[in-house]
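Please arrange chain B on chain A, whose structure you already have, making use of the hints.
So the chains spell out like this:
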Amino acid sequence: MNCASKGDGRNGRKGRKGRWHAFLTLFLVAVVVPGSSWALEDFVFDVEAFARKPLNLGGFAEMKWEHMDVRRDSVFSRLFFNDDPPTVFDQLTASLQLNGSYTRGIARFSWLLYGSVRENTLGWSDRADVYESNLTLSPSPELTASLGKKSYQWGKGYAWNPAGFINRGKDPNNPEEAREGYITADLEAIRSFSGDLRTVSLTAVVLPVCADVNEDFGDRDNVNLAARLYLLYRDTDIDGIVFSGNSRSTRFGGTFSRNIRSNFAIHGEIAHVPRLNKPTVDQNGGLSRATISATSYLLGVRYLSSFDLTTILEYYHNGAGYSPAEMERFYHLIDNRGVQLSDTGATDLQRDLRQMAAADFTRPNAGQDYLYARLSQKEPLAILYSNAALIAIVNLGDGSYSLTPELTYSGITNWELQMRFSVLNGGALSEYGEKQNRNKLEFRLRYFF
Amino acid sequence: MKNKLSACVIAAILMFVHTTALALDGDAILEELDRRMQPESYEMYRKLINVEPDGRSREFVLYTLKKGQDKMVALFLSPASEKGRATLRLGDNMWLYIPNVGRPIRITSLQSVVGGVFNNSDILRLDFSVEYDVRGATEQEDTYLLDLQAKTSAVAYDHLHMVVDKATLLPITIDCYAASGMLIKTLRYSAIKEFGDGMVRPSVLETDSPLYQGYKSVMLFAGLEKKELADEVFTLDYLSRIDELR
Chain A
9 MNCASKGDGR NGRKGRKGRW HAFLTLFLVA VVVPGSSWAL EDFVFDVEAF
59 ARKPLNLGGF AEMKWEHMDV RRDSVFSRLF FNDDPPTVFD QLTASLQLNG
109 SYTRGIARFS WLLYGSVREN TLGWSDRADV YESNLTLSPS PELTASLGKK
159 SYQWGKGYAW NPAGFINRGK DPNNPEEARE GYITADLEAI RSFSGDLRTV
209 SLTAVVLPVC ADVNEDFGDR DNVNLAARLY LLYRDTDIDG IVFSGNSRST
259 RFGGTFSRNI RSNFAIHGEI AHVPRLNKPT VDQNGGLSRA TISATSYLLG
309 VRYLSSFDLT TILEYYHNGA GYSPAEMERF YHLIDNRGVQ LSDTGATDLQ
359 RDLRQMAAAD FTRPNAGQDY LYARLSQKEP LAILYSNAAL IAIVNLGDGS
409 YSLTPELTYS GITNWELQMR FSVLNGGALS EYGEKQNRNK LEFRLRYFF
Chain B
352 MKNKLSACVI AAILMFVHTT ALALDGDAIL EELDRRMQPE SYEMYRKLIN
402 VEPDGRSREF VLYTLKKGQD KMVALFLSPA SEKGRATLRL GDNMWLYIPN
452 VGRPIRITSL QSVVGGVFNN SDILRLDFSV EYDVRGATEQ EDTYLLDLQA
502 KTSAVAYDHL HMVVDKATLL PITIDCYAAS GMLIKTLRYS AIKEFGDGMV
552 RPSVLETDSP LYQGYKSVML FAGLEKKELA DEVFTLDYLS RIDELR
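Residue numbers (the working numbering), protein chains in the order written: chain A, 9 to 457; chain B, 352 to 597.
Just so you know, the hints here were simulated from the structure itself, not pulled from any lab data.
Errors might be hidden in some of the hints.
[Said to hold, decoys possible] Footprint (simulated), chain B over chain A, 3 or more residues, beta carbon under 8 Å:
1) 146-159
2) 267-273
[Stated by the list, open to error] Counterexamples of contact, computed for chain B against chain A with all Cβ distances above 10 Å:
3) Q462
4) S463
5) V506
6) K517
7) Y528
8) I543
[Unchecked claim] Subject to a maximum C-alpha distance of 27 Å in a straight line, what follows is the list of computed DSS-like cross-link-like pairs (lysine-lysine):
9) K536/B x K386/A
10) K517/B x K434/B
11) K434/B x K578/B
12) K434/B x K418/B
13) K386/A x K72/A
14) K502/B x K517/B
15) K61/A x K434/B
16) K448/A x K72/A
17) K434/B x K386/A
18) K577/B x K517/B
19) K61/A x K577/B
20) K517/B x K536/B
21) K434/B x K72/A
22) K578/B x K536/B
23) K578/B x K544/B
24) K434/B x K577/B
25) K578/B x K418/B
26) K418/B x K544/B
27) K577/B x K418/B
28) K448/A x K386/A
29) K418/B x K61/A
30) K61/A x K578/B
31) K544/B x K577/B
32) K544/B x K386/A
33) K544/B x K567/B
34) K286/A x K386/A
35) K157/A x K434/B
For glycine and all other residues, C-beta sits at the position ideal for the given N, C-alpha and C.
Next up, chain A with everything else stripped away, as it sits in the complex:
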């Protein structure tokens, strides 16, 4: 032993080599061998550890880095960067989402909080929002009443929900992210039956709009009503939706979804607004408002192939949207230095009109006809818990599009890593051709707790 430790270099190397061998053997015995030759006895299930508790907490923490190449000559770049767009735009965001509930008897108080801090090319910003905070009473499985801030997700579309009259607007690029709710009171009744009609449920919602309450929903000092009747009839989900109130005009909608085979489902939505007040840009480049009757609809399919490729296809006609000619007139309006949004020479009325027009024309997918496709391959190259997807959104009116390959890995329990690269393309004066960025690279790391 001593000889080995005090011996010549060869012996020393031999000793070190021996120790490495011993270490490697121990490592294999300790780590690899038990892992690869598992036995059923290794698995225990302590069900008591999952007993229900009155207080329930959860959420996630996230870091996201985004890099965009700015299309400096585009209309939206000049609009958002006040005529001095940078070449690239980098952004780092740290965010926290906290959800929880406290249940006692028939009452449950639940909440969803979101906060983020952001550093980007323009500077620092932070925000904190209460997405949801409501009290729910469930005296029986058939009846539920709730009061407080709540998010509604009505409709069957994956990327768009034209019949979601009290939904917060959805980002088609991130349709599964939580969204802020509205302050409401609602009542929900459910009945189940045997036979062709399996389920009937009715949800009635009161949504007030006044000072500091739901001000961003629509016109103030009004109480609005929305109702949804849901049927599961002959294996088909059917919704009838109505909204009435003075904050927004009255509207009617319907949705359906159905499995055709064990790997194929269809869905659709329709929405009709008899009198919609719509900002427009007239032939002379002037801003005005017109009352129109708008019908929107969406048709979609979801298909799972034998090799685990899920395809979602949706066609969306936005009856309240703008034609390519109307979009072009708006781009010319912004392009015209005499009527920039930042100009101070305009009257209050003109400025208001411009702000309204800007909000309408620049919202996601303000055009009339769109195609959405999401091809998602589960566990490509046999990598468990990974997912590769390709997302395309095409404005069928002007032919512009965004194309986003996406890779997600969630192989480490409670961690999720996502990488995306979006390309936005189209001709001059087209929707995606005039966006402020040509592309976007995004890394997102999320930890759930």
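Same frame as chain A, now just chain B:
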């Protein structure tokens, strides 16, 4: 000649009776197996373990409710990334509720919401006799071999070969096939134990698949108890509140 004719008639009658008796036995065996595997209406906890070829594993815990022959719901309790997700099955219809999304979306039975070898139809399995007809039954030394055919194309597996223990009338192994005849996976039940109320059944289900070479998935069953449930629990609007029933 007359004797030969009589013998043929008797043989034909015996063959008919024998075949009918086997078919009847097969149906009876399957229905009894269903009755022994799960009560009419119950709650249950399950742990799903996906084991990868390198030995690493990942665990999911689900709270499950079932009522009648075609109503079932499963709520994820763990890990945190899946907590609050719920899957509902009403007959051939399946939905997935994701808390962030806030609304249920239709899913298909062949998808897997957990990854690994188990798919949605394994997690939300109805009684075998609800989804399959007995196409044939064979008696072996200690077991019955049942040949089961899916009643509709909406069922995840086209046909099953099920080995049933003669003494306990509980399943031992099930080979699941696609319509093409391809073996999709093999399910193996083991560790029979008493769950209370006279319910004695396997507490472990293992599965592997030629489509996932080297991977294994294991399901451990616990806390299986009879529970009275309203039909309204098995509706889309109730999915966000399933946890209140625990």
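Each hint tested on the structure:
no. : hint            : in the structure
1   : 146-159         : holds (count 6)
2   : 267-273         : holds (count 6)
3   : Q462            : violated, 6 Å
4   : S463            : violated, 8 Å
5   : V506            : violated, 7 Å
6   : K517            : holds, 24 Å
7   : Y528            : holds, 14 Å
8   : I543            : holds, 13 Å
9   : K536/B x K386/A : holds, 18 Å
10  : K517/B x K434/B : violated, 40 Å
11  : K434/B x K578/B : holds, 23 Å
12  : K434/B x K418/B : holds, 23 Å
13  : K386/A x K72/A  : holds, 23 Å
14  : K502/B x K517/B : holds, 25 Å
15  : K61/A x K434/B  : holds, 14 Å
16  : K448/A x K72/A  : holds, 12 Å
17  : K434/B x K386/A : holds, 21 Å
18  : K577/B x K517/B : holds, 26 Å
19  : K61/A x K577/B  : holds, 21 Å
20  : K517/B x K536/B : holds, 23 Å
21  : K434/B x K72/A  : holds, 23 Å
22  : K578/B x K536/B : violated, 31 Å
23  : K578/B x K544/B : holds, 19 Å
24  : K434/B x K577/B : holds, 24 Å
25  : K578/B x K418/B : holds, 9 Å
26  : K418/B x K544/B : holds, 22 Å
27  : K577/B x K418/B : holds, 10 Å
28  : K448/A x K386/A : holds, 24 Å
29  : K418/B x K61/A  : holds, 25 Å
30  : K61/A x K578/B  : holds, 20 Å
31  : K544/B x K577/B : holds, 16 Å
32  : K544/B x K386/A : violated, 36 Å
33  : K544/B x K567/B : holds, 22 Å
34  : K286/A x K386/A : violated, 42 Å
35  : K157/A x K434/B : holds, 22 Å
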